[in-house]
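Undergrad: Keeping the supplied structure of chain G fixed, place chain V upon it in accordance with the hints.
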Amino acid sequence: MSQETLEYHWGKHHRTYVENLNKQIVGTDLDGLSLEEVVVNSYNKGDLLPAFNNAAQVWNHDFFWESMKPRGSGGGKPSEDLLKLIDRDFGSFEGFVNEFKAAAQTQFGSGWVWFAYKDSRLDVGNAVNPLRSDEDKKLVVVKSPNAVNPLTWGYYYPLLTIDVWEHAYYIDFQNRRPDYISMFMDKLVSWEVVNSRFEKAKAAVEQMEQEDERKRRQEEERFTSDEAPANAVFPDSDTD
Amino acid sequence: MAARSLLIRKTLATVLRRDSAALGAPAAAHSRGLHTFTLPDLSYDYGALEPAISGEIMELHHKKHHQTYVTNYNKALEQLHDALPKGDASTIVKLQSAIKFNGGGHINHSIFWKNLAPVREGGGEPPKGSLGWAIDEHFGSFEKLVQKVNAEGAALQGSGWVWLGLDKELKRLVVETTANQDPLVTKGPGLVPLLGIDVWEHAYYLQYKNVRPDYLKNIWKVINWKYASEVYDNESS
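Just so you know, the sequences run in chain order G and V. Heads up: take any position in the first sequence, counting from 1, add 150, and you land on our numbering. Heads up: take any position in the second sequence, counting from 1, add 30, and you land on our numbering.
Okay, chain G solo, but in the shape it has when bound:
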């Protein structure tokens, strides 16, 4: 990835998103929130608020730069744990790479492709998956258009991303997006960062599961206590 590309991509595109976002949120409800909160709030369940594009693009580009490392600064590969899961969910590391590349090539228009750890939680308020197993949590490759990212979908923990907006590769590769994707996968991905994100994701999911357990036990204890709620129904009682 050439210096010229970075000067424009980071120095102009990313910088403009940051500057415009700051201008947009000053004095509004979004002012003072963390970047992630601004992204989720302005996503507004799909009814995008004006700040969303800038906020999400700021987050996406931060994540993108951190996903890479300079060529030649050591190899790096997926950790053993991560590799095990990759083998389970994609068949092999090559299988994962191919799926990632294919997704990046077929994202029509502008967008991003994500390698993410997906939790198995049901997205229904306080519903808890009663049959949780490690099999439900999996690694996935997903695409998103324009500025959308998995933060807005919930329960996704992004591990790696590639920017497939044309500005990301046009100076170096012109229309040859597949060449850009291959170069990125072969030479630029920082697996150290991906590994550490994976560890954090697993820890976060475990913490939430423990929270769920705790809440579930609390609910149980409530119903088995001597004081039944006033509106409780006991189908076996002799009321007539």
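If you are wondering where the hints come from, they were derived from the structure by calculation, not from laboratory data.
Distance condition first, Cα-Cα at most 27 Å in a straight line; then the derived DSSO-like pairs of lysine-lysine:
{"#": "1", "chain 1": "V", "residue 1": "K217", "chain 2": "G", "residue 2": "K195"}
{"#": "2", "chain 1": "G", "residue 1": "K293", "chain 2": "V", "residue 2": "K130"}
{"#": "3", "chain 1": "V", "residue 1": "K130", "chain 2": "V", "residue 2": "K93"}
{"#": "4", "chain 1": "G", "residue 1": "K293", "chain 2": "V", "residue 2": "K217"}
{"#": "5", "chain 1": "G", "residue 1": "K293", "chain 2": "V", "residue 2": "K239"}
{"#": "6", "chain 1": "V", "residue 1": "K94", "chain 2": "G", "residue 2": "K337"}
{"#": "7", "chain 1": "G", "residue 1": "K251", "chain 2": "V", "residue 2": "K93"}
{"#": "8", "chain 1": "V", "residue 1": "K239", "chain 2": "G", "residue 2": "K173"}
{"#": "9", "chain 1": "G", "residue 1": "K251", "chain 2": "V", "residue 2": "K105"}
{"#": "10", "chain 1": "G", "residue 1": "K268", "chain 2": "V", "residue 2": "K124"}
{"#": "11", "chain 1": "V", "residue 1": "K93", "chain 2": "V", "residue 2": "K247"}
{"#": "12", "chain 1": "V", "residue 1": "K158", "chain 2": "V", "residue 2": "K201"}
{"#": "13", "chain 1": "V", "residue 1": "K174", "chain 2": "V", "residue 2": "K247"}
{"#": "14", "chain 1": "V", "residue 1": "K105", "chain 2": "V", "residue 2": "K124"}
{"#": "15", "chain 1": "V", "residue 1": "K130", "chain 2": "V", "residue 2": "K94"}
{"#": "16", "chain 1": "V", "residue 1": "K94", "chain 2": "G", "residue 2": "K251"}
{"#": "17", "chain 1": "G", "residue 1": "K293", "chain 2": "V", "residue 2": "K124"}
{"#": "18", "chain 1": "G", "residue 1": "K268", "chain 2": "G", "residue 2": "K352"}
{"#": "19", "chain 1": "V", "residue 1": "K201", "chain 2": "V", "residue 2": "K256"}
{"#": "20", "chain 1": "G", "residue 1": "K293", "chain 2": "V", "residue 2": "K105"}
{"#": "21", "chain 1": "V", "residue 1": "K256", "chain 2": "V", "residue 2": "K93"}
{"#": "22", "chain 1": "G", "residue 1": "K268", "chain 2": "G", "residue 2": "K288"}
{"#": "23", "chain 1": "V", "residue 1": "K130", "chain 2": "G", "residue 2": "K251"}
{"#": "24", "chain 1": "V", "residue 1": "K174", "chain 2": "V", "residue 2": "K158"}
{"#": "25", "chain 1": "G", "residue 1": "K162", "chain 2": "V", "residue 2": "K247"}
{"#": "26", "chain 1": "G", "residue 1": "K293", "chain 2": "V", "residue 2": "K94"}
{"#": "27", "chain 1": "V", "residue 1": "K174", "chain 2": "V", "residue 2": "K217"}
{"#": "28", "chain 1": "G", "residue 1": "K173", "chain 2": "V", "residue 2": "K178"}
{"#": "29", "chain 1": "G", "residue 1": "K337", "chain 2": "V", "residue 2": "K239"}
{"#": "30", "chain 1": "V", "residue 1": "K158", "chain 2": "V", "residue 2": "K251"}
{"#": "31", "chain 1": "V", "residue 1": "K144", "chain 2": "V", "residue 2": "K198"}
{"#": "32", "chain 1": "G", "residue 1": "K227", "chain 2": "G", "residue 2": "K268"}
TA: Relative to chain G, chain V alone:
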């Protein structure tokens, strides 16, 4: 007698070949009843629109991007052609996005090349006649139209097009944007594209980098209003 039939056969063959070429269909596909699309030629050199649009961009845009849309459109249509008689419903539905994207790309870019002309062939000359009057009527002035198109084009997130169109039902001009390669008709079945400006980054990046507004400001110098007027006159009668 023999000589005459030889001559007739030769003429028939020439006619068939000529018709095939005009339709852009190689003989094989033509005989299967499947039309094959081809990349239209530009009526000007790649460098003829400079300095508004560089020759480098024009060549990449035409020879690579548009050609890829054509190639992939044909591929998708062939797959559709095979799936239809089999009644393979899921394949038919699965192909829709590829057809919309690549077919739209072919349609939109074919219009775009005709929307542009070198300065010495009238590029940049504002429209006169009925389209000129219609623009004044609907937008107030030509300058206001330019401002509106530029504002909408600059504000478009991601990839897409900004259009000046004719709404045939309401009989008025409109400025619209479409995302990705969606043709103008996706915004309304009665909409006819008069002028489309490609605001995908590939249309301007090598020359204007991230400064899309500069590209929009400059492209008016090579807009071919003669073509837009022709379409307007044909469609509004």
